[in-house]
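From first to last, the protein sequence lines stand for chains A and B.
Numbering-wise, the first sequence is residues 1 to 202 according to my numbering.
Numbering-wise, the second sequence is residues 203 to 398 according to my numbering.
It is worth saying that the hints were derived from the structure and are not from the lab.
Don't take each hint at face value.
Derived DSSO-like pairs (lysine-lysine); straight-line CA-CA distance at most 30 Å [as the list claims (entries may be wrong)]:
hint	chain 1	residue 1	chain 2	residue 2
1	A	Lys2	A	Lys61
2	B	Lys376	A	Lys198
3	A	Lys36	A	Lys154
4	A	Lys61	A	Lys3
5	A	Lys99	A	Lys36
6	B	Lys376	A	Lys99
7	B	Lys376	A	Lys36
8	A	Lys2	A	Lys198
9	A	Lys99	A	Lys154
10	A	Lys6	A	Lys197
11	A	Lys154	A	Lys168
12	A	Lys61	A	Lys6
13	A	Lys36	A	Lys168
14	B	Lys376	A	Lys154
15	A	Lys168	A	Lys3
16	B	Lys211	B	Lys307
17	B	Lys374	A	Lys198
18	A	Lys197	B	Lys376
19	B	Lys374	A	Lys197
20	A	Lys99	B	Lys211
A few chain A positions that, by computed beta-carbon distances, are all more than 10 Å from chain B [said to hold, decoys possible]:
hint	residue
21	Phe43
22	Ile62
23	Lys99
24	Leu104
25	Phe180
26	Leu181
Think of the CB as a built atom: it goes at the ideal place given N, C-alpha and C, for glycine as much as any other residue.
Listed here are the chains, written in short residue letters.
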Amino acid sequence: MKKYAKIFWDAVIPNNPVLIIAIGLCSVIAVSNSVKSALLMTFAFSMVQIPSNIIVSAMRKIIPYEIRVPIFVSVIAAFTTIAALLSRAYFSAIYEVIKLYILLVVVNCIIIGRAEAFAYSHNIAESFFDGAGMTIGYGLVLTVIAVVRELLGKGTIAGIQVLPESFKPALIMVLPPAGFLMIGILVGALETYLRRKKEVRK
Amino acid sequence: MSYLEQLFKIFISSFLVNNIILIQFLGLCSYIGLTDNFSSSIGMSFAVIFVTVSSSILAWIIDRWILIPFNLQPALQIVSFILVIGSFVGLVQIYLRKASPNLYKAMGIYLPLIATNCIILGATFINSMSNYDFVESIVSGIGIALGYALAMVMLAGIRERLRNSEVPDFFKGKAIAFMISGILALAFLGFQGIVK
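Please construct the entire structure, taking both the sequences and the accompanying hints into account.
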């Protein structure tokens with residue numbers, strides 16, 4: 001059990017897909033202007049990441065090495081279709097807004113990367129925990145950015161008024177440029193932290 | 203409004219107003235990854251222009267002649283688009299390697315990168331969602347690809363100049379590229395409202 005906890009934890013923080021590996025940024029920047037979209041995006045991501053890890057891991061002995069990438073992509077595409085149809089059925093209002101990014105989960109580098117780097121060489125249980133950890137890691141970053149942006153940009157969290165009426169929302173935070181600025185600050189903070197850590201070790 | 207005006211509107215909208223990188227945030231991996239070198243950003247831009255336009259055509263044909271008539275659009279659209287575009291890019295790469303080694307050297311190494319790039323697939327989904335007809339899809343594909351090239355070349359040029367200037371310690375590396383993109387995106391917001 002301890003082994004699984006370690007795989008899970010490794011995927012959430014030390015190997016955080018968004019911040020440390022810096023992949024899959026497109027959707028993070030695009031849907032992080034409201035908490036509701038961020039949560040729906042995380043839901044769609046989990047519906048693709050976890051099952052595709054499990055299926056790839058279950059089939060790893062029969063997938064020929066040379067054509068593994070097209071097979072990964074077809075597995076992921078099938079689950080993306082399911083996730084998109086589910087989101088459209090149950091959360092249609094938010095789905096209409098972030099439709100494009102949910103469809104594009106299919107080319108999300110994190111999912112293909114995990115199929116290739118982890119699921120293809122590990123057993124089913126390990127792949128499940130890795131997928132779950134990746135989802136949590138992705139969702140955490142996305143939700144944190146979304147909370148900050150929505151709070152400053154509209155004064156609300158998930159549509160509920162939090163800041164007092166007298167607070168003048170900074171509209172820029174919910175517009176596209178702020179996504180870049182937020183990621184820039186986060187990446188800068190992280191790289192500075194890693195650089196300092198390295199210097200201390202020397 | 204005449205058809206030509208309509209086409210022009212679609213072009214401006216996909217090229218500037220809804221710039222694929224700065225406003226829609228697609229294809230950021232290559233945008234940040236390849237722009238620290240001016241020539242590789244140009245090579246990638248040409249490869250993207252070529253593939254986006256040809257896959258817009260392919261995807262329109264699949265969408266209108268196969269998926270919609272047989273009522274398969276919601277279930278099979280993602281799978282069929284990605285497989286057709288992926289294999290098309292693979293074919294082009296094999297053909298280029300044999301037919302024109304020079305062009306392959308300039309463009310070929312970027313082709314596998316863009317087979318699963320969000321822009322290509324994003325462009326086809328945008329076309330399909332907006333119900334564009336055949337010519338409109340091509341025009342929108344051209345606009346999206348040129349918008350990508352514009353953003354790539356702009357950021358690559360700025361990053362080239364940044365090499366000789368002092369960047370605050372905090373923003374060294376990738377972070378400054380994101381901050382610059384943020385400012386560029388702010389400028390592009392100014393185009394909002396040109397096209398109704």
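Problem set entry | Hint check, failures only | Numbers 15, 16, 23, 24, 25 and 26, in rising order.
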